[in-house]
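Protein chains: 2
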Amino acid sequence: MGNLYVALVHYPVVDKNGAVISSAVTNLDLHDIARAAKTFGVYRFFVVTPLSDQFLLVDRIVSHWVTGYGARYNPKRRQALELIRTAASIDEAGQRIAEKEGCPPQRIATSAHHHDRCISYGRCRKIIDGKNPCLLLFGTAWGLDRAVMANSDHILQPVTGCGDWNHLSVRSAVSIILDRLISKRG
Amino acid sequence: MGNLYVALVHYPVVDKNGAVISSAVTNLDLHDIARAAKTFGVYRFFVVTPLSDQFLLVDRIVSHWVTGYGARYNPKRRQALELIRTAASIDEAGQRIAEKEGCPPQRIATSAHHHDRCISYGRCRKIIDGKNPCLLLFGTAWGLDRAVMANSDHILQPVTGCGDWNHLSVRSAVSIILDRLISKRG
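Chains as they are written, first to last, in my numbering: chain A, 1 to 186; chain V, 1001 to 1186.
Derived by calculation from the structure, the hints in this document are not laboratory data. Please note: incorrect hints may appear among the correct ones.
As the list claims (entries may be wrong) - When the alpha-carbon atoms are kept at most 16 Å apart in a straight line, the in silico EDC-like pairs for lysine to aspartate or glutamate are as follows:
1. LYS1076/V - GLU99/A
2. LYS1184/V - ASP164/A
3. LYS76/A - ASP1015/V
4. LYS1126/V - GLU1082/V
5. LYS184/A - ASP1153/V
6. LYS1076/V - ASP164/A
Claimed, not checked - Computed footprint of chain A on chain V, listed as stretches where at least three residues anywhere in the stretch have a Cβ under 8 Å from a Cβ of chain A:
7. 1018-1025
8. 1072-1084
All residues carry an ideal CB built from backbone N, CA and C; glycine is no exception.
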């Protein structure tokens, strides 16, 4: 099985009106997604933003927990947040994965909406269990821009509950999707 | 099937040293858990705290999204946050459920640790699919106090990933557990 990577994308994503924006980094996204990533054996968690001030914010938060006071206060949190890397674009994250792994990752986009070429969780598990590294892409704000979907190798079926209300936080969506893809059920 | 309820407990919970404390309400807990609750058909989401200032904080946040500007800005968020109720104790939540349902709920505690009387997700699904209402209890901080575990009808098996690192946020844990208990997999 190749290494699994997660990217939380702040650009290009869409706002509630469908316009392409760069969203702001949210502190709890870093914590919750790093903790889920650590739980489910994700190799690295990329925070994707082209904005230099947001880069600095991520570095400051991560440093506090990985090398600063937070690392002593809560060593378990350190083990999660040290999975975080920043990247200026999805392509940059892909290139860095390719340098590490020797081949580019399969890009798997996620969405709250159904797309014609959506793949099931079972199919996605098989792709992840294959030899190649995989990069799961999650959008902040109102989701990934359509160009990201078009450039992805696969689009994963949305998480649905017991009705058509489908507005989970990205923190919840990452957690559920990693659990569905990775956990071996007892 | 009886109605399913979720309680996010701020007292009695334990801190990192095992002392019983009352934790502070976190804004994103309300949003993320309400959104997960709405997705998975939970009937009500109780925020349990005995502290009157924390009660007021919850009411202020919920009012903004249910009747204030937030309700117009994001009607989907309103539909989630209107599931929230405050209760001064787990017992009070249980009493209010009993008044609505005609019988007290089965209390199902959750924990990041294994307990001798843990039940599986399959067993828990059967309990939830039964006639009686159920109340899923989630602890903030370092988890529910042992007295809560002792007074619960059942304790659910912890969420584990692919190793022994087991430190999800409560937001992630609620999301994964509701998905495991409610979703019908395709």
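* Which numbered hints turn out to be false for this structure? -> Failing hints, ascending: 1, 4, 5 and 7.
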